[in-house]
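4 protein chains.
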Amino acid sequence: MDKNYTSGWKKNDGGKVFFIHHRVRYADTDKMDMVYHGSYIPMLEAARVDTLREVGWVYDEMEKAGILLPVVDLQVKYFIPARYDQILRIETRVIERPTSRLKFSFDICHENDVLVKAQVCLAFVDASTSRPTRAPEALIEALDSHGLIH
Amino acid sequence: MDKNYTSGWKKNDGGKVFFIHHRVRYADTDKMDMVYHGSYIPMLEAARVDTLREVGWVYDEMEKAGILLPVVDLQVKYFIPARYDQILRIETRVIERPTSRLKFSFDICHENDVLVKAQVCLAFVDASTSRPTRAPEALIEALDSHGLIH
Amino acid sequence: MDKNYTSGWKKNDGGKVFFIHHRVRYADTDKMDMVYHGSYIPMLEAARVDTLREVGWVYDEMEKAGILLPVVDLQVKYFIPARYDQILRIETRVIERPTSRLKFSFDICHENDVLVKAQVCLAFVDASTSRPTRAPEALIEALDSHGLIH
Amino acid sequence: MDKNYTSGWKKNDGGKVFFIHHRVRYADTDKMDMVYHGSYIPMLEAARVDTLREVGWVYDEMEKAGILLPVVDLQVKYFIPARYDQILRIETRVIERPTSRLKFSFDICHENDVLVKAQVCLAFVDASTSRPTRAPEALIEALDSHGLIH
Numbered sequence: 000m001d002k003n004y005t006s007g008w009k010k011n012d013g014g015k016v017f018f019i020h021h022r023v024r025y026a027d028t029d030k031m032d033m034v035y036h037g038s039y040i041p042m043l044e045a046a047r048v049d050t051l052r053e054v055g056w057v058y059d060e061m062e063k064a065g066i067l068l069p070v071v072d073l074q075v076k077y078f079i080p081a082r083y084d085q086i087l088r089i090e091t092r093v094i095e096r097p098t099s100r101l102k103f104s105f106d107i108c109h110e111n112d113v114l115v116k117a118q119v120c121l122a123f124v125d126a127s128t129s130r131p132t133r134a135p136e137a138l139i140e141a142l143d144s145h146g147l148i149h
Numbered sequence: 000m001d002k003n004y005t006s007g008w009k010k011n012d013g014g015k016v017f018f019i020h021h022r023v024r025y026a027d028t029d030k031m032d033m034v035y036h037g038s039y040i041p042m043l044e045a046a047r048v049d050t051l052r053e054v055g056w057v058y059d060e061m062e063k064a065g066i067l068l069p070v071v072d073l074q075v076k077y078f079i080p081a082r083y084d085q086i087l088r089i090e091t092r093v094i095e096r097p098t099s100r101l102k103f104s105f106d107i108c109h110e111n112d113v114l115v116k117a118q119v120c121l122a123f124v125d126a127s128t129s130r131p132t133r134a135p136e137a138l139i140e141a142l143d144s145h146g147l148i149h
Numbered sequence: 000m001d002k003n004y005t006s007g008w009k010k011n012d013g014g015k016v017f018f019i020h021h022r023v024r025y026a027d028t029d030k031m032d033m034v035y036h037g038s039y040i041p042m043l044e045a046a047r048v049d050t051l052r053e054v055g056w057v058y059d060e061m062e063k064a065g066i067l068l069p070v071v072d073l074q075v076k077y078f079i080p081a082r083y084d085q086i087l088r089i090e091t092r093v094i095e096r097p098t099s100r101l102k103f104s105f106d107i108c109h110e111n112d113v114l115v116k117a118q119v120c121l122a123f124v125d126a127s128t129s130r131p132t133r134a135p136e137a138l139i140e141a142l143d144s145h146g147l148i149h
Numbered sequence: 000m001d002k003n004y005t006s007g008w009k010k011n012d013g014g015k016v017f018f019i020h021h022r023v024r025y026a027d028t029d030k031m032d033m034v035y036h037g038s039y040i041p042m043l044e045a046a047r048v049d050t051l052r053e054v055g056w057v058y059d060e061m062e063k064a065g066i067l068l069p070v071v072d073l074q075v076k077y078f079i080p081a082r083y084d085q086i087l088r089i090e091t092r093v094i095e096r097p098t099s100r101l102k103f104s105f106d107i108c109h110e111n112d113v114l115v116k117a118q119v120c121l122a123f124v125d126a127s128t129s130r131p132t133r134a135p136e137a138l139i140e141a142l143d144s145h146g147l148i149h
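Protein chains in written order, with numbering that gives the first Met the number 0: chain P, 0 to 149; chain D, 0 to 149; chain V, 0 to 149; chain F, 0 to 149.
Chain P extracted, bound-state conformation (with noise of 0.2 Å):
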């Protein structure tokens, strides 16, 4: 592991997914000697937002442009706790062609453990009228082309 916490494409599961890094720091810590179960959301929000960004669709873009992706729902099962100092890896894929919903699927791992595995569904919503909206044929075909639809 280079110290650049460099990101990238892996193979999994018959497609592919993109991993981020994340070097564990105290303030993600907790005193139970383990990274708080809370701070996983933000490494998942990077996590989404570079994937999504690799693919072509910078979601500051998007927002601009009118498409907002409020979080509608949020799983996280915690097997091994992570610890400081760490490099996580940050696994993403799309579960489910997107609709109206955009379902994201990540893996947070150390080393060869998965430690965490969590599910996060957004919303394509828009934002002239703040009601559902579906999600643009373009970025449905850009997670596909990269084979993160699993």
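Check before you lean on any hint, since a few could be wrong.
To be verified - Under 7 Å between C-beta atoms, here's a sample of chain P residues computed to sit facing chain D:
| no. | residue |
| --- | --- |
| 1 | Asn11 |
| 2 | Val75 |
| 3 | Lys76 |
Stated by the list, open to error - In silico contact screen, one side only, chain P against chain D (beta carbon under 10 Å); selected entries:
| no. | residue |
| --- | --- |
| 4 | Thr5 |
| 5 | Met33 |
| 6 | Tyr35 |
| 7 | Gly37 |
| 8 | Leu43 |
| 9 | Glu44 |
| 10 | Pro69 |
| 11 | Val71 |
| 12 | Leu73 |
| 13 | Gln74 |
| 14 | Tyr77 |
| 15 | Phe78 |
| 16 | Pro80 |
| 17 | Val119 |
Hints were generated in silico from the structure; no laboratory data involved.
Glycine is no exception: its CB is placed at the ideal position from the N, C-alpha and C atoms.
Chain P is already provided as a structure; the job is to place chains D, V and F on it using the hints.
The following block gives chains D, V and F in isolation, referenced to the frame of chain P:
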């Protein structure tokens, strides 16, 4: 709502819930002008720890007595955004009689609206062996006698 | 200390301070088994917003009326670590008569100990022009008449 | 700026600074559509820990060897708001030759702008006695030989 963020009991669905209040701070919000989805996690923690305290079980003392309660599963559904300066009411109950797991269910409310629903499952762990252990019988009775197990 | 985290007034150094309480959560701690140094920042925010509210100035309404109060300077001195489950008392006063700046001074205490001392300087900004503006005279009077300006 | 958030060295003011990058996440922002003033604190932590690592001192190993480095003083000046999705460059140097204290100075920059300036003072503490201790001579030399002491 008085300024002192009173906690208390409420009848609900044939059982009782214990509630605490949390005033939304700038720190909890994000640029979508709502509470960041991860900011609810510490509110849930405060709600369940205060609920246990209310029925006579101080988590800090449980830890010192050798019982740890790490979070093993978290599920959150987001219905309506919470906004800055709102006073949120976090209602806590227990679902299922505890075994080696303790399952809390939460409603995060503003006035008459349920904004967020969450479930958090904790595991009883023996600190000396780091292995799962059973819920203390007296804790189950305390929860039960207060009408908290739904 | 009752369970409801009462806030209130206290005489102090020839003036008065307004205090709120915060119960330390797991979320606030780090692996050194103390409160993470960054976790005090939202406590200071809650303390000053509740202090302003107490003297009749609701920050949320000030914003809606076009006055923003971004933080421009923060100083924190850490003397004694705060620990999990302690109820901290955050005492707030104003130092210097406000001009285009509002300077708060805080003591974060546990029982009779001052654990942390902090100063936070906010700037009055006119939301319509994004330029500095003067403190409303009525706000200065409200702070002064409550003995908050030390 | 490549996607991998490269860290590195830069000449600055007759000495050198070590920089890391941080991409601003939703989690870092607040409803004023800027980075919350407390969200910079973990960035400073990551910056100084990576700087120490770069010169051969892994903080996690220092702790295991019995040297703790709690934060005793923090000063932050906010000049320009950081915005969502910006890649911030956190530049770290040491001010004054360490004694029993280690004083870092930081510039948080976006492109050519310095957004935030901060100083963080840490105390060397002997974990076995909980008393102040002197900085290891080899650490001072490592910082000095890299041009980090300004």
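Unsatisfied constraints (hint numbers, rising): 1, 4
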